[in-house]
Structures are given as C-alpha cells and as structure tokens.
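Colleague: Next come the chains, spelled out residue by residue.
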Amino acid sequence: MPPSPDPVQKREPVLRASGLHKSYRGGMLSRGGAVRAVAGVDLELHAGETLGIVGESGCGKSTLARMLVGLERPDQGEVTFRGRPFFARGGVPRDIRRRVQMVFQDPLTSLNPRMTVHDIVAEPLRVHRLSPDARAMRERVGELLTLVGLSPDRMNRFPHEFSGGQRQRIGIARALATEPDVIVCDEPVSALDMSVQAQVVNLFAELQRTLGVALVFIAHDLAVVRHVSHRVGVMYLGRLAELGPAGQVYGAPAHPYTMALLSAAPVPKPRLRGRSRIMLAGDPPSPVAPPPGCRFHTRCWKAAPRCAEEEPVLEAVGAHYAACHFAERAASAEKGAAAL
Amino acid sequence: MSEPPVLEIRDLHVTFTAHGREIPAVRGVDLTIERGQTLALLGESGSGKSVTAKAIMGLLDRPGTRVRSAAARLGGRDLLAMSEEERRALRGSAMTLVFQDALSALNPVLSIGDQIGELFRVHLGVSRRQARARSIEMLTLVGIPAAAKRVDDYPHQFSGGMRQRILVAMAVALEPDLIIADEPTTALDVTVQAQILELIDRLRRDLGTAVLLITHDLGVAAEVSDRVAVMYAGRIVESGEAGELYDLPAHPYTAALLAAIPDLDAPASELRAIPGAPPSPAQVPPGCSFAPRCDRASEVCRTTRPPLIPLATGSGRYAACHHSEEMLDAALA
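Residue numbers (the UniProt record's numbering), protein chains in the order written: chain A, 1 to 340; chain B, 1 to 333.
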C-alpha cells in the first residue's frame with residue numbers, strides 16, 4: 001500500500017458524492033423496469049489520496065465513475081467539487097471539467113484512431129485554451145508524454161502503432177493535460193497483459209507522488225486495488241457494502257460480502273490450495289429487481305429474517321464502515337480468528 | 001505405469017499466412033497430460049496458448065493455416081494418422097472444449113436441452129426422449145437447480161455463471177478423456193469463477209478426466225493445476241509441478257511475472273514491472289524471445305535460442321533458459 005497522504009480526515013474533500021442514484025431505462029433490459037445501477041452512494045475523496053472501488057460486474061462501479069466526472073447526471077443526489085455542485089445550470093462548469101478527468105478501460109476504443117498522439121493529447125489543451133500557440137502546445141504535449149514514459153518524438157504517430165500499455169499511457173497523458181486535481185480511472189489496467197499491468201500501476205503511484213493528484217481507482221482485481229489504494233470501497237448491486245482504509249477492509253473485513261470476495265479471489269500460491277474458502281451460491285441478482293432489505297441477503301450465510309426486511313445503512317465498525325446488521329460481530333469474530 | 005498418457009503432443013507448429021507473410025504463432029510445443037491430471041497452459045495474449053488448444057482439437061484446418069507436429073496422440077490413438085471424419089467423431093466425445101464466452105458458444109435459438117441432447121443423439125444415436133433425460137442428468141450434475149424445468153429454457157434465460165456450467169455439462173457429457181478449457185472463467189465474476197473452478201476440479205476427480213486449462217491468470221492456474229507450462233512467444237519456456245514452479249521459477253519470465261503481480265496479503269510499495277511488451281508473433285527476436293526484456297540476458301541469449309531441457313532439481317521440471325542453473329542456485333543460496 002502506498003504511504004498515506006498526511007491527515008486526510010481533517011481537510012475539505014476535493015470531491016464529495018452524496019446520495020447518488022442512477023437508473024437506466026429503455027432497450028431490452030427495461031422489460032422488468034429500470035436498471036438501478038447506483039442506488040444511494042455517499043463518498044468523499046481527499047486531495048492526494050487514492051480511493052479504490054471494487055465490485056463485480058453490474059454492481060454499478062462504472063456508472064459511479066461516470067457520475068464522478070460529470071459524464072452522467074445523477075437522478076438523485078449530487079457530486080460537488082471543492083464544495084461546488086457539478087450540475088449548476090445545465091452542464092458541468094468548464095473549470096470543474098478541467099479539474100476532474102477520466103482514464104478509460106480500453107485504450108484502443110477510447111483513443112480516436114484517426115488522430116495522431118499529438119492531437120489526442122493536445123485536444124484538452126485546445127478545449128480549455130491552455131496553450132497560447134502551436135509551438136507551446138507541442139512542447140507541452142512532449143512534456144506530458146515524457147511524464148508518462150513515452151518518447152516525445154513518437155507524437156506524430158497513430159494509436160495503432162503503440163502497444164496496449166503504451167496506449168494506456170497516452171490516455172493517462174491526455175487526462176493529465178489539464179492539470180487535474182482528480183482522475184477517475186475505470187478499470188485502467190484490466191485490458192492489459194499481466195506483464196504490462198505492473199508498469200501502469202507503478203506509473204499511477206509515481207504520478208500521485210509527484211503531482212499530488214487524487215485518484216478514484218475502479219477495478220475488479222482485488223490485489224491491484226489493494227496495492228494502489230489508501231481507502232477502499234466495496235460495491236454490491238449499486239450500494240457500498242463496506243468502506244474504509246485498505247488495510248482494514250482487507251485485513252479485517254466487516255461485511256460478509258467482502259469476506260466472500262476476498263476468500264474467492266484466486267491466489268497465485270499452489271501451496272494454499274486446500275485452504276477453507278467461503279463459497280457463495282449463485283450469481284449476483286439482477287439490478288433490475290434488487291432483493292428487498294439487505295441486497296446481499298439472498299447469498300449471505302449469516303442472513304437472518306431481519307436482513308430481508310430492513311436495509312442496513314453504512315455504519316462505523318471500528319475504523320471503517322460497513323452496511324450489515326451483523327457487521328460488528330463479524331468484525332470481532334474475524335479479529336479473534338486471524339489476530340491481525 | 002503402462003497406461004499411455006491421455007494427450008501427447010510433440011513439436012507442434014502452427015503458422016498463419018496473411019497478406020503473403022508467414023506468422024508463426026506456435027513454434028514447437030510439446031505437451032503431455034496424464035489421466036486425471038490438470039495441466040495449466042499459462043501465457044499472455046499472443047503467446048499462442050489458444051492456438052495450441054485449437055490445433056489439438058483439430059479446429060484449424062482451413063486455408064492460410066498450417067499445422068504440423070511430429071506426434072499427436074490422444075489416449076493411444078494417433079491423431080495424425082486419422083481421417084478428418086475419424087477426428088470429427090472424437091471431437092465432443094473423446095476430447096471436448098470449454099470456451100471462454102458461453103453466450104457466443106451456445107446457439108441462441110435452440111433450447112439448452114436440445115443442445116446438450118444433440119451430443120447424445122449424434123455420438124450415441126439415442127432417441128430424443130433418452131437424450132432429454134440424459135441432458136437433465138447432466139444439468140443436475142453441474143449444479144443447475146430445477147434442471148427438469150430449465151432444460152427447455154434458452155441460453156439468454158440463464159445467468160453468466162449458469163451458462164458456463166452448461167458448457168461444462170456439455171464438455172463432460174460423453175465422459176471424454178480430455179477437456180480443454182480455454183479461459184473458462186475469464187468472463188466471470190470472482191465469486192462465480194471460484195464456483196466454476198471448483199466444479200471443473202470436482203468433475204476431474206470424479207470422472208478421472210484429464211484437463212488442459214488455458215489461462216493468463218497466475219492465480220487461477222495455481223488454484224487447480226497439477227502441472228503448469230508457461231508459454232511465451234509461441235514456445236513453452238518452462239514447465240513443472242505447480243508448487244515447485246511457483247516457489248522456484250527456473251525461467252526469468254516466470255519469475256518476473258510472479259514478481260509483477262500484487263500480493264493480496266503482503267502489499268509492497270512498488271511492483272517489479274517487466275520492461276517493454278511481449279513481441280508480436282510476426283517479429284520474434286532471434287535467440288531467446290524474452291532476452292530484450294530480461295534482466296539476466298547476456299550475449300549468448302541474444303544469438304542462441306535456449307532449448308527446453310530437463311532440470312536436475314524437482315520432479316519433471318523443464319526450462320528453456322541459458323541461466324536456469326544460476327537462477328535456481330541463487331534462489332537456494
């Protein structure tokens with residue numbers, strides 16, 4: 001885990017999301033009603049920290065990412081940047097857009113194949129009028145490419161001439177062009193080969209150290225998220241099941257879903273094969289009709305009748321937060337067993 | 001041990017021809033799998049692992065593709081001496097393939113019962129009614145609840161994990177000697193992936209089938225395989241018993257991969273990244289393919305390709321590296 005930025009809790013967050021809801025309707029999926037992608041998420045992002053979000057497909061993590069950069073307007077709730085709401089009058093103000101950038105999962109489809117690398121990285125400079133003339137712009141693009149570890153003399157080439165890892169670096173250079181305070185990364189390394197993933201993960205860590213940019217790092221790979229994040233949020237069916245410092249969430253998970261997720265993750269250690277694991281039954285339920293009460297109760301081995309009726313709220317459990325009626329007991333039992 | 005291995009492949013080459021250029025995707029691969037054993041073929045995209053699987057299945061017989069091997073035997077039967085018809089009869093019965101993407105591997109306009117039943121009707125010639133009964137049996141075996149009711153449902157009515165179970169059911173239906181699973185869990189969520197891996201492992205134990213697991217995930221390979229073969233740029237660079245290979249890698253590529261993935265239990269501040277990217281199959285460097293990215297590479301690595309040779313240590317370990325001995329000595333010292 002990267003070293004923690006100085007006392008995070010006391011400062012004003014750069015990004016705050018409160019009560020975010022987003023549903024989609026229309027298309028084939030709407031036969032049973034709207035897809036409730038995100039259903040009540042609150043979180044804060046502080047300057048210079050990395051907040052990791054993990055969850056399975058369909059848990060709403062990409063929708064959350066899009067709302068955090070203002071690409072989607074929440075149905076309810078709002079996102080504020082340094083206290084200023086995203087959707088003031090109509091669109092997101094240009095100066096907020098400039099400060100909150102995004103890196104996408106697939107570097108090939110998120111880069112225009114007919115634009116040169118120079119034009120791709122220069123586009124945000126042009127849109128936000130950050131370079132006085134063409135020469136300054138060229139220089140700045142060169143600087144940005146150097147920053148992400150690419151040679152500036154390749155700026156007149158096209159995306160297809162680069163490897164997967166290099167393309168992701170181009171996407172990162174584009175995100176850095178406007179000197180953002182926040183970069184939201186949606187699965188930034190999952191399309192990359194495993195021998196290349198580590199390069200990009202290290203690049204994020206280094207950029208944060210040198211530039212102090214705050215990151216929201218969304219991924220399904222638990223080990224990668226733990227590696228880069230100071231704090232981690234675990235999402236299940238549109239809500240946060242658990243949120244807290246990475247060491248706490250991974251070391252002493254309080255929500256049964258987090259425990260199951262950690263237990264199910266394949267470990268590259270053949271010697272650990274016989275270990276006892278929590279096996280969940282079935283697949284995650286459809287976000288079109290999430291179960292009543294606790295969303296996880298249909299697959300939870302701790303579920304009691306209360307869980308089917310009453311939706312648990314995110315409450316403090318020790319140093320972190322969990323949304324489970326039995327969280328406290330779960331956390332203390334885990335501590336007793338593992339003595340971490 | 002007089003029983004022949006379930007699968008024996010010697011010196012497999014697959015070359016694609018595109019736009020007048022030859023692209024060697026697989027360049028001399030040997031594979032041996034014993035009965036009841038799981039071999040993981042581990043590699044990154046473009047390493048040739050899926051092409052190897054398709055070549056074994058005999059699915060690459062088309063223009064522009066050249067497949068040749070010195071030997072190819074499935075449970076004692078010589079695949080090279082067979083006619084296309086005979087090989088076709090083996091596919092689906094003696095050797096089967098589980099695909100990565102269950103939604104595109106299943107026919108969307110046929111019910112699940114029809115698709116599983118087809119196997120029994122084509123290969124065993126049983127009646128429609130019997131095929132249906134056997135299909136329900138298979139669905140129950142792979143843990144589909146209310147199988148008798150769901151047998152008439154269509155693929156889109158099942159969740160991703162359930163669809164993958166259906167593919168596994170089809171793969172084991174005729175009790176094959178060999179199941180080739182090509183990234184069977186890559187499209188699945190972590191919690192569902194664990195279920196499918198356990199299912200494949202349980203069926204292997206119960207039915208004594210051999211499994212060739214194609215994966216890019218070091219974790220998945222570690223969870224279920226007895227032996228692991230690591231592929232890089234169309235060749236196997238290292239193979240051995242899973243525990244030994246992970247503990248004491250004898251090829252720098254394997255060692256670098258293990259160091260490049262974050263450890264869930266012991267987070268370090270920096271990952272040891274491997275510089276560069278895997279070579280394109282069309283332009284593989286001379287000598288050792290990994291040399292340009294290798295921190296141990298010396299002059300000999302750039303000029304002479306190291307052969308895959310047995311190592312003195314461990315049980316049945318092979319590595320293709322000029323520096324294997326030093327690596328193992330350094331690790332043990």
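Mixed in with the good hints there might be a few duds.
Have a look at the derived ranges for each label pair, beta carbon to beta carbon [what the hints assert, rightly or not]:
1. A:A281 <-> B:A71: 20 to 30 Å
2. A:R154 <-> B:D295: 43 to 53 Å
3. B:S159 <-> A:G274: 22 to 32 Å
4. A:E310 <-> B:S159: 36 to 46 Å
5. B:D295 <-> A:S151: 51 to 61 Å
Distance condition first, Cα-Cα at most 20 Å in a straight line; then the derived SDA-like pairs of lysine to any residue [to be verified]:
6. A:K269 <-> B:V109
7. A:K269 <-> B:D263
8. A:K269 <-> B:P24
9. A:K269 <-> B:R35
10. A:K269 <-> B:H216
11. B:K54 <-> B:H156
12. A:K269 <-> B:A266
13. B:K149 <-> B:E183
14. A:K269 <-> B:A331
15. A:K269 <-> B:A255
16. A:K269 <-> B:K54
17. B:K149 <-> B:L110
18. A:K269 <-> B:D177
19. A:K302 <-> B:K54
20. A:K269 <-> B:L110
21. A:K269 <-> B:P262
22. B:K149 <-> A:G282
23. A:K269 <-> B:E241
24. B:K54 <-> B:P24
25. A:K269 <-> B:R272
26. A:K269 <-> B:E44
27. A:K269 <-> B:D217
28. A:K269 <-> B:Q37
Treat the hints as calculated values from the structure; they're not laboratory data.
The C-beta atom is built at its ideal place from N, Cα and C for all residues, glycine as well.
Colleague: Next step is simple, just say for each hint if it's right about the structure.
Modeller: Now the hints, each set against the structure:
1. A:A281 <-> B:A71: 20 to 30 Å: violated (44 Å)
2. A:R154 <-> B:D295: 43 to 53 Å: violated (25 Å)
3. B:S159 <-> A:G274: 22 to 32 Å: For G274 (chain A) against S159 (chain B), whose Cβ atoms are near 29 Å apart, the range 22 to 32 Å holds.
4. A:E310 <-> B:S159: 36 to 46 Å: violated (27 Å)
5. B:D295 <-> A:S151: 51 to 61 Å: Because 21 Å falls outside the window, the suggested range is violated.
6. A:K269 <-> B:V109: violated (42 Å)
7. A:K269 <-> B:D263: Holds, at about 10 Å.
8. A:K269 <-> B:P24: Cα-Cα ~33 Å, so violated.
9. A:K269 <-> B:R35: violated (24 Å)
10. A:K269 <-> B:H216: holds (15 Å)
11. B:K54 <-> B:H156: violated (26 Å)
12. A:K269 <-> B:A266: holds (13 Å)
13. B:K149 <-> B:E183: Distance ~29 Å between K149 (chain B) and E183 (chain B) Cα, so the pair is violated.
14. A:K269 <-> B:A331: holds (17 Å)
15. A:K269 <-> B:A255: Distance of about 13 Å is within 20 Å: holds.
16. A:K269 <-> B:K54: Between K269 (chain A) and K54 (chain B) the Cα gap is close to 28 Å, so the pair fails against 20 Å, i.e. violated.
17. B:K149 <-> B:L110: holds (16 Å)
18. A:K269 <-> B:D177: Answer violated: K269 (chain A) to D177 (chain B) is near 28 Å, above 20 Å.
19. A:K302 <-> B:K54: violated (44 Å)
20. A:K269 <-> B:L110: violated (41 Å)
21. A:K269 <-> B:P262: At roughly 12 Å apart (the allowed maximum being 20 Å), P262 (chain B) and K269 (chain A) satisfy the hint.
22. B:K149 <-> A:G282: holds (17 Å)
23. A:K269 <-> B:E241: holds (12 Å)
24. B:K54 <-> B:P24: Status holds; Cα separation ~15 Å.
25. A:K269 <-> B:R272: holds (18 Å)
26. A:K269 <-> B:E44: Given pair K269 (chain A), E44 (chain B) holds - Cα atoms ~19 Å apart, limit 20 Å.
27. A:K269 <-> B:D217: holds (12 Å)
28. A:K269 <-> B:Q37: The hint holds at about 18 Å.
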